Amino acid sequence: MARLLIVEDDDRIRLSLKMALEDEGYTVKDVPTAEEGLADHAANPADLVLVDLMLPGMDGFDCIRSLRKLGDVPIVVVSARDDTHDVVAALEAGADDYVVKPVAVKELSARLRALKRRARGSGGDAPKTLRFGEIELRPEAGEVQLGEDPVHLTRTEFRLLCELADQQGRVLSRQQLLDRVWGYEVFGDDRLVDVHVGRLRRKIERDPANPKHLLTVRGLGYKLQA
Amino acid sequence: MKRLGLRARVTAVFALGALALSTALSSVAYQITRQNLLTERERTLVRSAYFDAVIVREGLRAENPAISEVLRGLDTGETRRPVLRREGQWFSRSADTGITDSIPVALQRLVSEGTPGTQRVDLDGEPAFVVGVPLDEVDTGFYEVTTLAELERTFNVLATVLGVAALGTTLAGAALGVYASRRVLEPLTGVARAADEIATGDISARVARDTDPDLDRLAVAFNSMVDAVQAKADADRRFAGDVSHELRSPLQTLSAATSVLARRRDSLEPRTAAAVDLLTEEVTRFEQLVSDLLVLSRSDLPAERRPTDVVGLVRGIARQRGLTEEQIEVTGDGSRPEVDQRRFEQILVNLLDNADRHGGGAVRVGICTDPVLVRLEVDDEGPGVPPDERELVFDRFARGRAASARGGTDGTGLGLALVKQHALAHRGSVQIADRPGGGARFVVELPAREGS
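One line per chain: the protein sequences are C and X, in this order.
For the first sequence, the numbering used here assigns the number 235 to the initial residue and increments by one for each residue that follows.
For the second sequence, the numbering used here assigns the number 106 to the initial residue and increments by one for each residue that follows.
So that you can see chain X by itself, here it is in the shape it has in the complex (with noise of 0.2 angstroms):
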């Protein structure tokens, strides 16, 4: 099961804590009002039965009473229903027969001993109260059966309400769970935020300092982190950049000095000749290699984007390298994107060297522009590469298995490096497929602005 996240969590940890607390008060309301009411109501009856009790003895005092007579007479209210038992035997308001059932006969005894009782009873399946009092004189047990309905309808109603409130407090709690989730966690989006922005290149990328100092805590932090981070990569750069810029002047005379020998390798013995052709080789290597170091120390600085005729640089350059106008294919509007044209080149220019050193040369260079995107495909008919390989022969100094198995390390092991950082300059990418009918399909995709 997938984890809850922090925020729905905490709501509804505001959510459960809000119920719980809501339904201990809500019961504790409803027991303590039932109660009270409850006590009040029955402790009225009782006094009102005391009072008909007075009554019916008086009644019952005269010669052949006529108990029925008695019994009506009583001014009970709507709720109170007289009943009287005397020698064994029940009498009631013609309106009122049947409840005497209702009557426990535990209370009965009770009376008839003499003593006084309550009882909470059930009548008709509604709650009802019965007060007996004894009226000894008369040798009679005198009962006031009340049904407790209407009180018991107060106690639903209380019941709703209460539960009502407590169904809104519990949501209430789950808002207030989600603000204060979100208020609590919205320095970390902004953290967030600047990570991903660092993450797709923008290494200037802060979070805005917060006026609460436990974020601000935060955000410093991040910050100083970033700013670390920055300055080891930063001097690695440097050094990187360094170090090349200190070979340039050795190569300069290392590449003059091979001319001289080159331009009469034919007069050399062949040993020597091919001792030559080495030494020209290899400086030619070493030239691009301290070339692309250069460029790679610094292609994580923002690119220079112009209005560049890509399409017109894209032809020019598929030329100069030897493919036929067939094999370049222009589809688009053909509008100018702005790009680093400097960039652009060496993005082309790479691949192809790419495709000319594992693939067997490109077969085919599209250019596609519109307004938002330009996209770059290189394609050759070599052996592709295998999916598992297709993020890692963008590392520095990687050469893909195959290449080494075919004894492939000329080249600089960064040519495609340099693509990837070029395309990321752009905030583009740049991606490897397989070429309909066999072979790499390298796509280049930028987008034609700033920020678009």
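Extracted from the complex, chain C is given alone in its bound form (with noise of 0.2 angstroms):
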């Protein structure tokens, strides 16, 4: 069964989400504190967690940066604000999905149920190595490489260069990517895609700024090319 953590202040919404997702079938350990979860995530390693931007202490974002330096596990922000100074700046952070509150409990969980598909990662056939210039991605190993360096990416940045890597060349709408993705059908946040492509960038590409590989197709997308 899934471990889920939840970080969140208010004790109602704790309570009632922890209620509601023990429903859905996960095993709920919630704390009120960026510290107390972050010291629970330590000791007891959560397979998805959910917080909240605004707490006291340690807030959301600093609670997220502290979480990806521990590892990659999938991270989704529940918070009421909803600007997009919020959201990227969650997501810059290392949130691997942004929801507004109020959220429905079956909205919420299709969101993790498709963060857990991932994190389980694509499976596939024969193992193979793709080429991109200097990267080098094996998507059955999980493993990306930087000429001779490895390249450490969380499973949603993985995730997105594997489909990416999938229809080399080919460019894949905002659309798209948050279909295969992030399971989103329609009305996905082209800022998760936007925000997900620089991090990447950042981890793959010598020149972030000026990419060779993972280019913006202007009004169309994204591509990933040698």
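In short, the hints are calculated from the structure, not lab data.
Bear in mind that the values here come from a model prediction, so they are computed numbers and not experimental data.
Here a beta-carbon is modelled for each residue, glycine too, at the ideal position from N, C-alpha and C.
Keep in mind that a hint or two might mislead.
To be verified - What the simulated footprint calls covered on chain X by chain C, stretch by stretch (three residues with Cβ under 8 angstroms from a Cβ of chain C suffice, anywhere in the stretch; the number is not a length):
1) 347-356
2) 360-369
3) 385-395
4) 415-421
Dock chain one against chain two, each of which comes alone in its own frame, and use the hints as you go.
Next comes the structure, spelled out in structure tokens:
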């Protein structure tokens, strides 16, 4: 059973979400502060984390950054704030997805399922190595190298890279990427894609400001080329 | 009758003023000139007549004078025509017969009584001047009749010139009126332009300050009025936003707790289960309401335009909502307009929701793209929207009479208001038409680019 960590300072929201998500089949651990959440995750790593942004003490953004340092656990932000500034900052900090309160439990659990599915990896046929210039990608092994150096990607970044590599040289629209990586059939948030592409570029491009391989095709989407 | 515009009136006043002034000046000038010339001319004629009279008197002193010869001997120039009346008989040069009729009897009497006189007369339809000089010593009246036709022609020329001048002055006055009114109304054009821009959604439009202090006051007053209105609108919007925002956290609890209840619905006794159903339904609507209010509270921010595959978007959403391929009609050149994707999605989804609630479900979605315009149509087979409600349904919390009659109170009452706001944010429009074959057709048109 998947272990879920909820970091939320509002007791009522925390308790109701805990009950609702337990109904969905998760083992839920709930804590009111970022500090307790980090301690809990360090002691007993969760499979998925829900984080509120406005927390007493350490705020949600720092909490996400700290969790990222510990590993690549999928993180979903559940916040009442939905201005672009907060969304982008949370994603930049390392969150995998962002939902705005009030979110229906059905929707939330769909988002969590998509992340879990992804976290298990895409699976596939014979082990193979894909090359894009200096970038070396081994989808089955979950490994990426830039030249000689191994690159560490979060699972969402890795999944995004694999989807683009799968269609190499072809353009994938933001909507297609939202569908394939995040499981949004419609109404996904383009900012999810844009911020993750930015994060990915910083890891796999020598000059992220002038990308050679992971390219933006204006008005269409993104493509990965050798 | 349509009232004339301010500019037309100003122009007319200037023109009439110029006309009155120039007419008055011209007629005074004409009168004075005419008077002076006539007086001068008459004085000359009187002097000449006296001069001639002296010669005639000398000529008549001879025995049996040949009067015609005497008259012919006068140097009268071309215009003066001498005649003489002696013992009740007229004498004249042969060329001058027939002019004696024009000499008035009153003047003849005056002269015969020994008093010289002058008089203006009519000679064959032309103005003429008669000078009568009594020649007492020889018991004779001497007259000189001079036609003033030439002088009259001069007056006519003068009148024409003055008339033309008056007309020119009037035209100049009208031109001045046009210029002055345009100059004065120019700042108003700026204000009108700014007001138009504000009305079409660009609340940031302001009037440029003017260097003229009188006009600057107008610009400043207008701008501060818009500032005040905007501040008020911003405050209202912030309040709606703040309220909605504060509702989000409790709603999250409600939503999650309700889902816990709903999951156990089947094990509840029927009465409780019915209550849970009501709760679930209302919480869902409440969520939608808060989310719509939040969107609405920022909907007059400018649209974030980006090239968007609207056709793909429409296909995806329409399919998801259960429309068949035949019900999705794609026309146009398939170009990618620059629209705000979220807003566009919401326009379509809200129109589909509206069709579900009030029109028995959408039966056709049409999307047409070209480089200038995106046109989205959603058809339903419901009762349609009466013409007098076609504006009202886009008001916030407005629900059509027909809808209320059917008890259709689900929905937030904000869906169509949002559609309109999103269309306006693109400087586009939304309209309701009759669907051929019955039902309503909602038509949204958005310019494909900023400013196109």
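Hint check results:
| no. | hint | result |
| --- | --- | --- |
| 1 | 347-356 | holds (count 5) |
| 2 | 360-369 | holds (count 6) |
| 3 | 385-395 | holds (count 3) |
| 4 | 415-421 | holds (count 3) |
Against the hints set out earlier in the document, no violation occurs for any number.
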